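Asks: This is what each chain is made of:
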Amino acid sequence: MLYPRDFRDRYSDDLVQTLTDLCAELGPRRAWRRVTLDLVVTVPHYRMETIMKEQHRATVLTVATAVMASAGIISPLIGLPLGVLLVPLAAVVAITQRGRLARSMDAVDASRLRRKRLRIAAILAGSLPVIFLVSLPILGDEWGTDAIVAFGLWTAVLIAAVSYFVSGITTPKSPVISQ
Amino acid sequence: MIDAEASPDPRSLLPLPQAQFHILVALTAGDRHGYAIMGAVEESSGGVVRMGPATLYGTLKKLVDRHLVEESDRRPSSDDDERRRYYRLTGLGQAVCQAESDRLSTLVSIARSNLRPGLA
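Heads up: the protein sequence lines correspond to chains A and B, in order.
According to our numbering, the first sequence holds residues 5 to 183 in order.
According to our numbering, the second sequence holds residues 500 to 619 in order.
I should point out that these hints are in silico values taken from the structure, not numbers from a laboratory.
Source: prediction; values computed, not measured.
Ideal Cβ positions, reconstructed from N, Cα and C, are used throughout, including at glycine.
Be aware that one or more of the hints could be misleading.
Said to hold, decoys possible - Facing chain B, from chain A, some residues (calculated, C-beta under 7 Å):
{"no.": "1", "residue": "18"}
{"no.": "2", "residue": "22"}
{"no.": "3", "residue": "39"}
{"no.": "4", "residue": "97"}
{"no.": "5", "residue": "150"}
Said to hold, decoys possible - Pairs of lysine-lysine, BS3-like flavour, derived with a Cα cap of 25 Å:
{"no.": "6", "chain 1": "B", "residue 1": "560", "chain 2": "A", "residue 2": "120"}
{"no.": "7", "chain 1": "A", "residue 1": "57", "chain 2": "A", "residue 2": "120"}
{"no.": "8", "chain 1": "A", "residue 1": "57", "chain 2": "B", "residue 2": "561"}
Said to hold, decoys possible - Covered by chain B, per the in silico footprint, the following chain A stretches (three or more residues, Cβ under 8 Å):
{"no.": "9", "segment": "71 to 80"}
{"no.": "10", "segment": "88 to 96"}
{"no.": "11", "segment": "131 to 142"}
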């Protein structure tokens with residue numbers, strides 16, 4: 005579980021087999037000591053390699069932009085009016101990084117992916133008023149645990165909606181390469 | 500499968516990281532599965548280089564992605580565990596291994612001649 009998914013999918017059986025062979029040859033204690041040392045060195049290294057890959061970088065960028073936009077929307081509600089400046093900042097980041105985000109996409113599936121992401125964004129955005137209306141009875145002058153949970157859920161859905169919207173509008177409308 | 504015309508110059512892939520070269524050398528003796536490669540590397544280095552499983556397969560992944568190594572369908576015997584995956588050098592892998600060996604050999608000669616003149 006510690007290793008990146010593509011590495012696990014490709015080599016998990018081989019890793020287990022090799023560990024079995026090591027235990028048979030060295031004994032469990034020495035085998036696990038060797039494996040643990042190897043794990044400590046390789047897990048951060050392989051995780052960093054995954055983070056540095058273009059597509060993962062694009063995903064991190066999308067989520068970061070969405071969190072910025074969401075924080076900008078929420079901040080006036082919690083008494084930080086200057087936080088609304090995060091919204092235009094997020095827009096600038098999304099526009100200037102549009103090329104990087106588009107390059108990381110599979111161009112042939114881009115149109116379908118764009119529609120799917122915008123559809124999910126619309127569904128999530130549509131659920132926000134529902135969550136708000138359902139939460140109204142438990143919101144009052146004093147916020148208890150229920151109210152905090154409801155607000156947290158509303159915020160999480162808002163962030164997800166903005167994330168999908170940002171990733172959808174930064175996906176190319178039509179494929180660059182036709183099939 | 501690599502298009503022969505698109506194969507890179509083996510020297511352009513040098514210098515090889517130590518772990519990758521050790522695995523290529525281990526495979527020069529023939530098709531091997533992962534644990535056997537690990538043992539061969541340890542033996543050929545006199546016990547100095549001991550790879551863990553994740554280091555081994557992470558390095559194999561890079562070698563396979565660079566088309567220096569490929570999976571082999573051959574099995575040494577019918578009794579062998581079918582779950583084991585065997586690996587072998589590709590043509591490019593052999594060429595790169597040879598090029599790296601030549602490079603290191605030149606380096607060793609220079610070092611020996613500088614450290615002990617007359618014994619290069």
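Asks: Now look at each hint and say whether the structure bears it out.
Replies: Hints, one by one, checked against the model:
no., hint, result
1, 18, "holds (5 Å)"
2, 22, "holds (4 Å)"
3, 39, "holds (6 Å)"
4, 97, "violated (32 Å)"
5, 150, "violated (45 Å)"
6, B/560 with A/120, "violated (33 Å)"
7, A/57 with A/120, "holds (24 Å)"
8, A/57 with B/561, "holds (14 Å)"
9, 71 to 80, "violated (count 0)"
10, 88 to 96, "violated (count 0)"
11, 131 to 142, "violated (count 0)"
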